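Asks: Chain by chain, the residues:
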Amino acid sequence: MAPSAARDGAREALGAPALAMAATFIAFGAAVAEAGLSLGWSLVATGAVYGMAGQLVLLQATSLGAPAFVAMISATAANARFLPMSVAIAPLLGARTGWRRLLVVPFIAITPWAAGMRVLPGLPDSARLPWFLGFSAASWAVAMATTAAGHLAAPLLPVEWRAALLFTNPLYFALLMAGDLGRRGVAPAILGGVVAAPLAWWVGGAWGLPVAGVVGGTLAFLAMRAR
Amino acid sequence: MSEADLALWLTVGIGFGLRLVGLTLGGVLRTDHPAIAWASAVSVATLACFVALALVMPSGLLATVPWPARLAGVVAGAAAYLGLGRRLLPAMLAGLAGLLLARLVTG
Chain G
7 MAPSAARDGA
17 REALGAPALA
27 MAATFIAFGA
37 AVAEAGLSLG
47 WSLVATGAVY
57 GMAGQLVLLQ
67 ATSLGAPAFV
77 AMISATAANA
87 RFLPMSVAIA
97 PLLGARTGWR
107 RLLVVPFIAI
117 TPWAAGMRVL
127 PGLPDSARLP
137 WFLGFSAASW
147 AVAMATTAAG
157 HLAAPLLPVE
167 WRAALLFTNP
177 LYFALLMAGD
187 LGRRGVAPAI
197 LGGVVAAPLA
207 WWVGGAWGLP
217 VAGVVGGTLA
227 FLAMRAR
Chain W
361 MSEADLALWL
371 TVGIGFGLRL
381 VGLTLGGVLR
391 TDHPAIAWAS
401 AVSVATLACF
411 VALALVMPSG
421 LLATVPWPAR
431 LAGVVAGAAA
441 YLGLGRRLLP
451 AMLAGLAGLL
461 LARLVTG
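Chains as they are written, first to last, in this note's numbering: chain G, 7 to 233; chain W, 361 to 467.
These are calculated hints, taken from the structure and not from any lab test.
Source: prediction; values computed, not measured.
Treat the hints loosely; a few may be bogus.
Claimed, not checked - Some chain G residues well away from chain W (every beta-carbon gap over 10 Å; in silico):
| no. | residue |
| --- | --- |
| 1 | E40 |
| 2 | W47 |
| 3 | G57 |
| 4 | A86 |
| 5 | R107 |
| 6 | P130 |
| 7 | A151 |
| 8 | E166 |
| 9 | G198 |
As the list claims (entries may be wrong) - Listed next, the stretches of chain W that the computed footprint assigns to chain G, with coverage defined by at least 3 CB atoms under 8 Å from CB atoms of chain G:
| no. | stretch |
| --- | --- |
| 10 | 408-415 |
| 11 | 457-466 |
For every residue, glycine included, the Cβ atom is placed at its ideal position computed from N, Cα and C.
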């Protein structure tokens, strides 16, 4: 049961959603190359941070010359969703998984999480963890390969194409957020972030984004609580 | 170790920590617990702010793309997303095509 569940998960990961995800990792690899950082840096960011929002914010902060602590705060604010995502998926991973459920820790990211939340409730208990690990390992491998491809290919592309590639990630996240508007709490948080954008510009430098994100997110949270 | 490398490894460590805490709390806390809801709101707001700044006031190489071309990219991407069953890949390709075409016009 377990190996076949893992295979099923891997097969599903290599379908259509992988293509959209791959495009964002190609763009990320290209953006890292554009910032003058190494292939190794891009692969550690993809492989071990493995949360594109935080990866992009981290890259932007380091490009601005931010101190490491400030860059980490910015990236963590963008990836703070790891916490609610992990809380939500934990009960779906199956009972009596023991220490083996720790294997999912590096893989809780938007693509595997969204697929897991959709598919895991319909699987038998014993198949859930293998399915999620199979899906996660396959999508992680795609992310690593496409990051490397983007980093290596970027210097070979004309400047207009490189600039267009950098446009891919904000567009991807804009579309992803638009698709998520119906989920409870998302619309106020998006509005909070957009309204706080001038604050990021006013604060400036590497602190601008995390300050605006915390202020905008907290205001949205308080507005939702007040309703 | 450079600042960029240190920032990277610090972010890796905190990311693992957040996921580990979340897995441990799963089944204990509900996803609508105030602390979880706050972290979720901050995450979405930070990302929305990042996207808004990247599209309206970009830095680096993206800043060399004129704003009408960026606007054309967003409009083409959104139109394809809404018109083609909310599929991400065709929408992204349409957005890129919109940006590149508009760039041919704007120079």
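Asks: Mind listing which of the numbered hints don't hold for this structure, in increasing order?
Replies: 1, 2, 3, 4, 5, 8, 9
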